[in-house]
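Using this note's numbering, you'd call the opening residue of the sequence shown number 1 and step up by one each time.
If you're looking for bench data, these hints aren't it; they were derived computationally from the structure.
Careful: at least some of the hints might be erroneous.
To be verified - Calculated cross-link-like contacts (lysine-lysine; reagent style DSSO-like; alpha-carbon spacing at most 27 Å):
#, residue 1, residue 2
1, Lys22, Lys51
2, Lys51, Lys75
3, Lys51, Lys24
4, Lys75, Lys24
5, Lys22, Lys32
6, Lys32, Lys51
7, Lys32, Lys75
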Amino acid sequence: MTQRGRLYGCPVEFALDALGGKWKTVIIARIKQGPLRYSELRRLIPSLSDKMLTQRLADLVEIGFVVLETSPDGKARYALTERGQDLAAALQALYDWGSVHGRAEGVRFRSDIEAAA
1 MTQRGRLYGC PVEFALDALG GKWKTVIIAR IKQGPLRYSE LRRLIPSLSD KMLTQRLADL
61 VEIGFVVLET SPDGKARYAL TERGQDLAAA LQALYDWGSV HGRAEGVRFR SDIEAAA
């Protein structure tokens, strides 16, 4: 995670440090579609272990991208903060790039399999 006052070479270095690996971006990409319960995130990201999901959610809350809120039905849900919502356009650009170039490389995506079912 980022350290206050640390000197970065450029803003991209800071952004990548804040996002710190693939799981945080995957979690944010799922939550950007709307608030989700822990169990919903587990189901949407089956290759992520419980321990790692718990750790990454705690990291995202700590750095201010995600907040744990209580919905009207009394259930806890993870939602993006304003800071987290600011990442939506950048994540969409990564998604679009990955979709085009992944398919060109013959990569398969879980969303394609689920849509065909």
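**Request:** List, from low to high, the hint numbers that the structure doesn't satisfy.
**Result:** Violated: none.
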